[in-house]
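Could you put the whole structure together from the sequences, leaning on the hints where they help?
Residue numbers (my numbering), protein chains in the order written: chain A, 1 to 392; chain B, 1 to 427.
With a straight-line cut-off of 20 Å between C-alpha atoms, the simulated SDA-like cross-links for lysine to any residue are:
no.: 1; chain 1: A; residue 1: K202; chain 2: B; residue 2: P158
no.: 2; chain 1: A; residue 1: K220; chain 2: B; residue 2: I368
no.: 3; chain 1: A; residue 1: K85; chain 2: A; residue 2: V56
no.: 4; chain 1: A; residue 1: K85; chain 2: A; residue 2: T297
In case anyone wonders, no lab produced these hints; they're calculated from the structure.
If you're wondering where the values come from, they're calculated on a predicted model, not measured in any experiment.
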Amino acid sequence: MWTGAEQESFTKVLDEFEKRTGAEVTFVPTGDSASTALGTKIEGGEPPDVAFLAQVGVMHQFAEKGWLKPVGDEATAQLEKNYGKGWRELGAYGGKQYGVYFKAANKSLIWYNTAAFETAGVTDEPKTWKEFLETAQTVSDSGTPAVSVGGADGWTLTDWFENVYLSQAGPEKYDQLAAHEIKWTDPSVKKALTTLGELFGKKDLVAGGASGALQTEFPKSVSQAFAEPPAAGMVFEGDFVAGVIAADTKAKVGEDAKVFPFPAVGADSPVVSGGDVAVALKDSEGARAMLTFLASTDAARIWAEQGGFVSPNKALDTGAYPDDVTRGIAEALIAAGDDFRFDMSDQAPAAFGGTKGAGEWKRLQDFLKNPDDVAGAQRALEADAAKAYGNG
Amino acid sequence: MGTPRRLAVLFLMPALVLLGALVVYPIGYTLVRSLFDAGGSEFVGLGNYAEVFTDPDILVAVRNNAIWVAVAPTVATALGLVFAVLTERISWGTAFKLVVFMPMAISMLAAGIIFRLVYEQDPDKGIANAVVVGVHDTFAEASAYPGARPRPDGVLKPSGDGAFTAASPARPGSPADLALVGLPAAQLPEDARDAARAPAGDGVSGTVWLDFKPGGGGEPGVVDPGEKGLPGMKVEAVSGGKVVAEATTAADGTFSFPAGSTPRDAVLRLPASNFTEQYAGVDWLGPTLVTPSIIGSYVWMWAGFAMVLIAAGLAGVPRELLEAARVDGANEWQVFRRVTVPLLAPVLVVVFVTLMINVLKIFDLIYIIAPGPTQADANVLALQLYLSSFGGGNDQGVGSAIGTLLLLLVLPVMFFNVRRIRREGRR
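See below:
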């Protein structure tokens, strides 16, 4: 879970909770494999009161095993007041409210190098996919490679696909594909991959061409776009790009690095999101009070003011965010209403959506290498998906 | 005399219990587990084995394992032998041995990270490509304008092999505007001046310029103020597939051919030599080279091990035999080939077999060095075992089947090794 700066900010939220309730809270970060760490604790009979989970699938799994306790009436009241239906339902399972989404991620952002845009004479942020491709062409013509793609990490490619697909095929199809109710050989997938191929297939638009992109890990895809001279004008990924920019480059977010929402491929811009959900593992007074507090606007405001945080709480005044960039990201997230969707590959079985060198990661890397072969990519994706979902 | 039976059993008990719990039971359980499905509840017979021998990914792993076993121990042993023999008689041999042996002190994980860097594509980071690119650039000259290209709707069209050719024949008296884009302004040569339209003379003339000025603006395909010429650009006039005349652009991008030097049907072409991309080096971790590259890192680690063992064996070789051979008129190569190597054979076999067992279960180097896109091309059985069982697949049935297969592959080598040790014990 959260470490470093994030932990510091969250501790401030906890301090406020302690001040209000007089309770004492201990925060234990679990590292990357939260579900393993928690599973061990629960099976050992010593669960914490409240835990944060990053994957929807893990929450469902825990709920199914009966490890989770409902949030209680007060938290539900807070949720109804402050949260949209989409976020409430994400925290529910089997008709019961188990979770409070405290921290959200917006994975539908294009970050750009303002100097590169200036050199290219681009003044308007593109709103549609067509404008986006034109902008990319202009940036490329100006001598800066247009789009940095971190293709060595498969998950950035799944995020590319998810954004195009959500915007083009719509939320319903997205849910069906996420649950593998429709096959990857579906015409809607073909259309999305063809659209993606309009970018991936142009050597001029992708920094380093496909082979260069396949050797670029996500952190490098960000740092090269904000290096001097820039090796790319734009880079796609979630709000966490800001952290990489701050850590690995000299660029300043808000001045040298700005952001616009992922262009609309269909009618609307997509919002693909992630988030950390707080759940109660014990049926205790303290756990319920904590969830109620986390669902409140006050708790969200404390972290929002620290920065590096986007809240799904729609009652939070966006004035609380410390800078324009974060505010824009948060506004885009709230504006999506209930049409935002959770990261598809995070919902899929890990063998398909989360394994280096296999499943969707590998197939989309192959597609990046050879964007003309849409049908072949679809067949390979479907074969892997059928195996992983076990419902061929 | 004879020890009382019960006492013997009592003393053997701890060892038997430990071996049973830590070796025999896991092997037995793996065998049983390999006959069940992913969940471990349903009996599938040999289904998992069928999957192992039909899944294309696993077949690649089997093939790669064969390559590893054939190549890595051989190369490491051969290198170790060469090092051992060569360093035997020089005074700083020990220092040399120390250096060659040093990689053994590093964990596989650290070695993997080191070689991930060594094989990095960017010559500024990866030393392998730094060497390759350095050598290449010493012999081949870099072009002045890598990456420059015409606009898709411009006068010039790509004509294969990286050259750009004008769509229609050049007319004397109407200067050609050959617009290029895609170059950072900072990369232009220092002597580049603002582009100018070529004067309309008797011969064919024109301008090659960067049709993009910082900040944008200006009309595509038109020489606007502030846009720079591209000096030193080679321009060819081509007629009937042959180059009939050549010109080079001036500081403002203009060029001209002498009147009458170009036939009426000649078209202008900017040859590929203007645009050759900088040599990117070898794609070490690409699909074809990834396994040899990783084997290279393995040899780097283990050649020292082979060398030390062989050097120890060499010390035990009786000097008088070598002297006798020399006195009999054998040259050094014959001494090495006919005396040293046969005498060293037992040591060489030990080293070879040890490395073979070691290589069969190779995992760490591949898991760390192979990047995501080519991990499947570098796959080996031990890695596939991990991936199938825990790395997302969560199919411990197939994982156990692979484990059993690995065991079967190691067994003959083990058997051979045990028999050899026994025979030696008897001697």
